[in-house]
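2 protein chains.
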Amino acid sequence: MIIKEIINRRSIRSYTSEPVSDEQITEIIKAAQFAPTSNHNCAVEFVVVKGANKNKVYDVLKKDFVKEAPVLIVPVLDKAKSVAPVQDLSIASEHMMLQATALDLGSVWKNLDETWAAEVKKILQIPETHLIINLIPIGHIKTPTPAHTDAEFSGKKIHKEKW
Amino acid sequence: MIIKEIINRRSIRSYTSEPVSDEQITEIIKAAQFAPTSNHNCAVEFVVVKGANKNKVYDVLKKDFVKEAPVLIVPVLDKAKSVAPVQDLSIASEHMMLQATALDLGSVWKNLDETWAAEVKKILQIPETHLIINLIPIGHIKTPTPAHTDAEFSGKKIHKEKW
Chain R
1 MIIKEIINRR SIRSYTSEPV SDEQITEIIK AAQFAPTSNH NCAVEFVVVK GANKNKVYDV
61 LKKDFVKEAP VLIVPVLDKA KSVAPVQDLS IASEHMMLQA TALDLGSVWK NLDETWAAEV
121 KKILQIPETH LIINLIPIGH IKTPTPAHTD AEFSGKKIHK EKW
Chain B
1 MIIKEIINRR SIRSYTSEPV SDEQITEIIK AAQFAPTSNH NCAVEFVVVK GANKNKVYDV
61 LKKDFVKEAP VLIVPVLDKA KSVAPVQDLS IASEHMMLQA TALDLGSVWK NLDETWAAEV
121 KKILQIPETH LIINLIPIGH IKTPTPAHTD AEFSGKKIHK EKW
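Quick mapping for you: the protein sequence lines, in order, are chains R and B. Note that the first sequence ends on residue 163 in our numbering; no numbers are left out. Note that the second sequence ends on residue 163 in our numbering; no numbers are left out.
Treat the hints with care, since some could be wrong.
Stated by the list, open to error - Simulated restraints on C-beta separations:
#1 SER11/R - VAL60/B: 31 to 39 angstroms
#2 PRO19/R - ASP113/B: 38 to 46 angstroms
#3 SER38/R - LYS62/B: 16 to 24 angstroms
#4 LYS67/R - VAL60/B: 18 to 26 angstroms
#5 GLU119/R - ALA52/B: 31 to 39 angstroms
#6 GLN125/B - LYS67/R: 43 to 51 angstroms
#7 LYS157/R - PRO144/B: 47 to 55 angstroms
#8 TRP163/R - ALA147/B: 16 to 24 angstroms
#9 LYS79/R - GLU18/B: 35 to 43 angstroms
Stated by the list, open to error - If we take Cβ atoms under 8 angstroms as the criterion, some of the chain R residues that face chain B in the derived model are:
#10 GLU128
#11 ILE132
#12 ILE158
The hints are simulated quantities; they were obtained by calculation from the structure and are not laboratory data. Note that CB positions come from ideal geometry on N, CA and C, so glycine has one too.
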């Protein structure tokens, strides 16, 4: 049995105006804090954005779902504390998206290229020494996407013993 | 409620000799294939290593758990097919580790630096055009590690509206 949150998690880009509670946000971030990190650095931190800065981030990214989602969570990592910061931030992000699914919430990985990351860091006053690679909008799903099915599975992508 | 596989997943570096079945390996890789990928590239592939090549990989990495685990899964991505290959490989890897947990199996992220990655790619005949960043040993757990607890949660790592 595939984990049900893995089956049900889809990239959601349309949210209702219903808020996400502080308890839900804490649970989502707790799940991210239980993610493995390189050399167990446990150094990923989180900026939770619900107010005026969300609109400023929207002005940079110009994606409606950034404005529509009631909350954005931005995972942040001090580059000096990790030997694999992109990996650490990615896994923490995926734990958040799976945990949001467990709470019947939708989320999406909004990737930030270097230019966007620099602008978002400026808005959120994240220091130069720290890395961000994405942000995760979270909200109640307006338009659901069907769950994953076995039809997506490709045995051709499995190689035995060597490529 | 935090997803139980997130609570129970720990980095396991000690395995019994009991084999991992093909059905279990397929289920673990299916979970990885349901992971999100940048621009929905769905291009992550997998090399499953159980035989002589596992010992050759051990000769490079010199980690007992690589020899001890009955199977290694190496996620592979054609660099031309992804705008965020490290992120894509990381998330697919984490889905594998969570799904292994769901199957009562242990796993660990064995990180590969560039030198190690080049050597492992040579052993597994993975082309230069493709990226690997890690390998995931999987097996039945010999020495369990306690599950995550709320004591690990740090509210200090949560920043409101800005850093």
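For each hint, the structure was consulted:
1. SER11/R - VAL60/B: 31 to 39 angstroms: Taking Cβ atoms as reference, SER11/R and VAL60/B lie about 37 angstroms apart, which means the hint holds.
2. PRO19/R - ASP113/B: 38 to 46 angstroms: 44 angstroms, holds
3. SER38/R - LYS62/B: 16 to 24 angstroms: At 19 angstroms between Cβs, range holds.
4. LYS67/R - VAL60/B: 18 to 26 angstroms: For LYS67/R and VAL60/B the Cβ distance comes to about 49 angstroms; the hint is violated.
5. GLU119/R - ALA52/B: 31 to 39 angstroms: 51 angstroms, violated
6. GLN125/B - LYS67/R: 43 to 51 angstroms: Holds, at about 48 angstroms.
7. LYS157/R - PRO144/B: 47 to 55 angstroms: Between LYS157/R and PRO144/B, where Cβ atoms are some 31 angstroms apart, the hint is violated.
8. TRP163/R - ALA147/B: 16 to 24 angstroms: 36 angstroms, violated
9. LYS79/R - GLU18/B: 35 to 43 angstroms: With Cβ atoms ~41 angstroms apart, the hint holds.
10. GLU128: 11 angstroms, violated
11. ILE132: Cβ of ILE132/R sits 10 angstroms from chain B, so the hint is violated.
12. ILE158: 5 angstroms, holds
The structure fails to meet hints 4, 5, 7, 8, 10 and 11 from the earlier list, while all remaining hints are met.
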